[in-house]
Amino acid sequence: MAPCIDTSRTTGKALLSQDDDSRFHYTNLFPPTNFPGRNSRSPILHTTSPLQDFDDDIWFKMLEEAKSHVEQEPILSSYYYSSITSHRSLDSALANILSVKLSTLTLPSHTLFELFTSVLQESPEITESVKQDLLAAKERDPACLSYVHCFLSFKGFLACQAHRIAHKLWTQDRKILSLLIQNRVSEAFAVDIHPGAKIGRGILLDHATAVVIGETAVVGDNVSILHGVTLGGTGKQCGDRHPKIGDGVLIGAGTCVLGNITIGEGAKVGSGSVVLKDVPPHTTAVGNPARLIGGKENPKMLDMIPGLSMDQTSYLTEWSDYVI
Numbered sequence: 001m002a003p004c005i006d007t008s009r010t011t012g013k014a015l016l017s018q019d020d021d022s023r024f025h026y027t028n029l030f031p032p033t034n035f036p037g038r039n040s041r042s043p044i045l046h047t048t049s050p051l052q053d054f055d056d057d058i059w060f061k062m063l064e065e066a067k068s069h070v071e072q073e074p075i076l077s078s079y080y081y082s083s084i085t086s087h088r089s090l091d092s093a094l095a096n097i098l099s100v101k102l103s104t105l106t107l108p109s110h111t112l113f114e115l116f117t118s119v120l121q122e123s124p125e126i127t128e129s130v131k132q133d134l135l136a137a138k139e140r141d142p143a144c145l146s147y148v149h150c151f152l153s154f155k156g157f158l159a160c161q162a163h164r165i166a167h168k169l170w171t172q173d174r175k176i177l178s179l180l181i182q183n184r185v186s187e188a189f190a191v192d193i194h195p196g197a198k199i200g201r202g203i204l205l206d207h208a209t210a211v212v213i214g215e216t217a218v219v220g221d222n223v224s225i226l227h228g229v230t231l232g233g234t235g236k237q238c239g240d241r242h243p244k245i246g247d248g249v250l251i252g253a254g255t256c257v258l259g260n261i262t263i264g265e266g267a268k269v270g271s272g273s274v275v276l277k278d279v280p281p282h283t284t285a286v287g288n289p290a291r292l293i294g295g296k297e298n299p300k301m302l303d304m305i306p307g308l309s310m311d312q313t314s315y316l317t318e319w320s321d322y323v324i
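Quick note on numbering: the sequence shown equals residues 1 to 324 in full-length UniProt numbering.
By construction, these hints were calculated from the structure, which means they are not laboratory data.
Even glycine gets a Cβ: it sits at the ideal position worked out from N, Cα and C.
Watch out, some of these pointers could steer you wrong.
Claimed, not checked - Within a straight-line C-alpha distance of at most 25 Å, the following computed PhoX-like cross-link-like pairs (lysine-lysine) qualify: (1) Lys155 x Lys198; (2) Lys198 x Lys236; (3) Lys277 x Lys236; (4) Lys244 x Lys198; (5) Lys244 x Lys168.
Stated by the list, open to error - Restraint-style ranges between C-beta atoms, simulated for each label pair: (6) Glu128 x Lys236: 34 to 40 Å; (7) Pro108 x Pro280: 46 to 52 Å; (8) Glu114 x Ala210: 29 to 35 Å.
Put together the whole structure using the sequences plus the hints.
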């Protein structure tokens, strides 16, 4: 399905936005036929003051990356134009890519684009979280080539941003609409996050396939979660029934964290574990059922933030050389 592009954003002319009285940004947004290839002399131009904020920095970095990518692969010019360079802002580009990915024959992209744009415009905190998630992928995932690579191709990132919009709608009591977005995200990205779940900033859902996060789960800032992770309940309990994940936590692939338990800040959960009890801050839990490395009475304490370091094997020095 063709991307939903607002005609006001595809004139091919330089667009001017003023953030305050002293700072202007200029971006040459050219149509696909003029998108710079290897021999083009029509660069993306932008100027800004040394005091530009993180928002401008990451967005203009994405525009520069888009130009570089198309110089390397001119065949991508139309795709990058519709996805990145025809847009005035990160919000607009995000609303577009999500509307294209989540649309169906009966749920057209232009309808979703208008919905997503309206939510993002009234929720600057979502945009700030989007930037932090982009930075998280770029810094923590060695497979991430660029911000644009993550923005266009990482389904964990896209699923997380769609959830942020759905969660905003959930808090506004627009629950039927938010659940519809959850359903489409599950179908399109194989990631199932209930719109009631609360998720912080700087989140990396690495690979993301089969990640499930329940309604009353809470995920802190700078958390990294690999594929196949479930933050679920233990049965048919009602009320607050899902895990609470502290800041800086790393949860390895295929892990189940079940029930209203707490994974303390800076903790690490090894791949394939089943966690049924609280994990203290800055410790490592592994196994089925999960137990603390070093034992409950004297657990080995971590001196790094695993959600940032992405170190999943430091508790092993030799085969099976650890104490539970």
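Consistency of the hints with the structure:
1. Lys155 x Lys198: Status holds; Cα separation ~19 Å.
2. Lys198 x Lys236: Holds - the C-alpha atoms of lysine 236 and lysine 198 are around 21 Å apart, at most 25 Å.
3. Lys277 x Lys236: Holds, at roughly 18 Å.
4. Lys244 x Lys198: Measuring from Cα to Cα gives roughly 9 Å; hence the hint holds.
5. Lys244 x Lys168: 19 Å, holds
6. Glu128 x Lys236: 34 to 40 Å: Roughly 37 Å apart at Cβ, these two residues keep to the hinted range, so it holds.
7. Pro108 x Pro280: 46 to 52 Å: 49 Å, holds
8. Glu114 x Ala210: 29 to 35 Å: About 31 Å separates the Cβ atoms of glutamate 114 and alanine 210, which means 29 to 35 Å holds.
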